[in-house]
Amino acid sequence: MSTSYKDPLYSFSTAILRIVDRVSFLKKLFSMLLGIKAKLITAAVGLILVVTMVLSSLLLMIQYNGLIVKTDETCKATAIGLSSIAIEGITQNKRGIVSDYVNNLKGSGISGLNSVYVVEYMIEKSGDEKKAVGGTIIAHSDPQRMNAAVPKNIFNQITLIREFDKKIAVEDGERYYLYTYPIDWKVILKGKDRTATLGAIRLKFVEKEVLAVFYQSRNVVIIVTLIVLAAGIFLMYMLGSFIVRPILILSEGVSAVKDGDLTVHLDIKSVDEVGRLSESFNEMTAHLREKLQMQKFVSSSTVEMIKKAGSKHAEVVRKGERKRITVFFSDIRGFTSFSEKRSPEDVVIMLNHYLDLQTKILQKHGGDIDKYVGDEIMATFQGDNMGVNAIRAAIEIQKAMGAEIKKNKEAKAAIAVGIGINTGEAVVGAMGSSNRMDFTAIGDTVNTAARLCSAAAKGEIIVTAAAREAVPAKIKTINFIKTEPLTVKNKSEAIDVFKVK
Numbered sequence: 011m012s013t014s015y016k017d018p019l020y021s022f023s024t025a026i027l028r029i030v031d032r033v034s035f036l037k038k039l040f041s042m043l044l045g046i047k048a049k050l051i052t053a054a055v056g057l058i059l060v061v062t063m064v065l066s067s068l069l070l071m072i073q074y075n076g077l078i079v080k081t082d083e084t085c086k087a088t089a090i091g092l093s094s095i096a097i098e099g100i101t102q103n104k105r106g107i108v109s110d111y112v113n114n115l116k117g118s119g120i121s122g123l124n125s126v127y128v129v130e131y132m133i134e135k136s137g138d139e140k141k142a143v144g145g146t147i148i149a150h151s152d153p154q155r156m157n158a159a160v161p162k163n164i165f166n167q168i169t170l171i172r173e174f175d176k177k178i179a180v181e182d183g184e185r186y187y188l189y190t191y192p193i194d195w196k197v198i199l200k201g202k203d204r205t206a207t208l209g210a211i212r213l214k215f216v217e218k219e220v221l222a223v224f225y226q227s228r229n230v231v232i233i234v235t236l237i238v239l240a241a242g243i244f245l246m247y248m249l250g251s252f253i254v255r256p257i258l259i260l261s262e263g264v265s266a267v268k269d270g271d272l273t274v275h276l277d278i279k280s281v282d283e284v285g286r287l288s289e290s291f292n293e294m295t296a297h298l299r300e301k302l303q304m305q306k307f308v309s310s311s312t313v314e315m316i317k318k319a320g321s322k323h324a325e326v327v328r329k330g331e332r333k334r335i336t337v338f339f340s341d342i343r344g345f346t347s348f349s350e351k352r353s354p355e356d357v358v359i360m361l362n363h364y365l366d367l368q369t370k371i372l373q374k375h376g377g378d379i380d381k382y383v384g385d386e387i388m389a390t391f392q393g394d395n396m397g398v399n400a401i402r403a404a405i406e407i408q409k410a411m412g413a414e415i416k417k418n419k420e421a422k423a424a425i426a427v428g429i430g431i432n433t434g435e436a437v438v439g440a441m442g443s444s445n446r447m448d449f450t451a452i453g454d455t456v457n458t459a460a461r462l463c464s465a466a467a468k469g470e471i472i473v474t475a476a477a478r479e480a481v482p483a484k485i486k487t488i489n490f491i492k493t494e495p496l497t498v499k500n501k502s503e504a505i506d507v508f509k510v511k
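Count along the sequence shown from 1, then add 10; that gives the number in the numbering used here.
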């Protein structure tokens, strides 16, 4: 079972990357914007903004309401006190004390107080009823407006007010709080409680001055938020770098492995998931190196056998099967006597050189190296063109060995090769003990190819009639010369053989 996780932005980012794929700068920029650092920074900024906005909104709202309530209470208390003075001044004709009180209020430093004035109503009696028909300002914080008549529109407003009242007004783009309080004189007349409204008090406050502390707090919150945001972005950037750095190292390691470098080793010292991933990566590259080294010592057919050992083909691998194959044998002539005159190191170096030369050609033509036996190579070919491929490989090997003779005249006697090729059925499967096995081919076809190799002279390629027949007649680049029938071991009759020209 396999599990996978796909980033919610994966599909979107993949589509965009296809568009900007040819513009390297845009691709790099887009990748950065969707990188881990960007995601961490975005998450931090979002979290800080949400937390800051919620907390600051609550605190500022509490402060705002507190300032408004405090201002209302201050105004009401001031209006009540002024009302008492106004009643005394009006009823006892001491209006000067009202004016003095108003002036003292203006100079008392009450936050936001713009103006305060006291209006005395002009009362007319109509029968038993008394009615206010106008008003005069008997006290004002602006001395120039003393004793002025109250404008009709304002008079109509304040006469309708029966208790402490607050309104918001806008003048020249400035917001004001208008507080109005009726001057009610309570008397006992003819044994009954009577209330006579003598006038009204109006206080005017500038909103921005009332809320100055609130605005200062708001500005402080904004500044602190920006500082916290900057600190959060910096910390998230550093944290992102700390997290991303090993991931980038891991990415570079993956790229190196993709390019074929299995020597890469990640030195990431971390106890988190990235650290465990790097350990797994190092183990993987170590196993790949071991596998690559092992492949140098086993044939590709053996590797394929190992792959199949745990699959549905396991029974076939263990028991073997008959296959029609082409078997190739080559042997370096005179190498034994040559090696006796050289040091072991020189012998191994030269032998590996010639075996490597032949191996590359065989693999180029689809051959599978079955085994090396000293200076001898056994290879097998399969498929529809196995005969043609084997013979073409043999021809190219003889040409390559001829070129080696010209370059190395001293080793001329040692590097000539004889080649034998046969096509037929062979038993293919895992051979050996339970402790060590090899995937190889056995049978008469293999033995005959080996005998042909032994019979081939230096630079010769000898093939059986079956191998010759495996080459289609339309191929004119391969020529065969029939030779005397060859008697080989374990064959009652001589076999037809051909030399490849």
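Everything labelled a hint here was simulated from the structure, so no lab data went into it.
From a predicted model like this one, the values you see are computed outputs, not experimental measurements.
Glycine included, C-beta positions come from ideal geometry on N, C-alpha and C.
A couple of the hints might just be wrong.
Using C-beta positions, here's what the derived DEER-type ranges look like [to be verified]:
1. GLN154 - LEU239: 16 to 26 Å
2. GLU331 - ASP366: 27 to 37 Å
3. TRP195 - VAL238: 54 to 64 Å
4. VAL60 - ASP277: 32 to 42 Å
Mind checking the hinted window 16 to 26 Å against the Cβ distance between GLN154 and LEU239?
violated (51 Å)
At the C-beta level, are TRP195 and VAL238 separated by a distance inside 54 to 64 Å?
About 58 Å separates the Cβ atoms of TRP195 and VAL238, which means 54 to 64 Å holds.
Could you tell me whether the CB distance from VAL60 to ASP277 stays inside 32 to 42 Å?
holds (39 Å)
Could you check the hint for me, namely that GLU331 and ASP366 are 27 to 37 Å apart, CB to CB?
holds (31 Å)
Of the hints listed earlier, the one the structure fails to meet is number 1.
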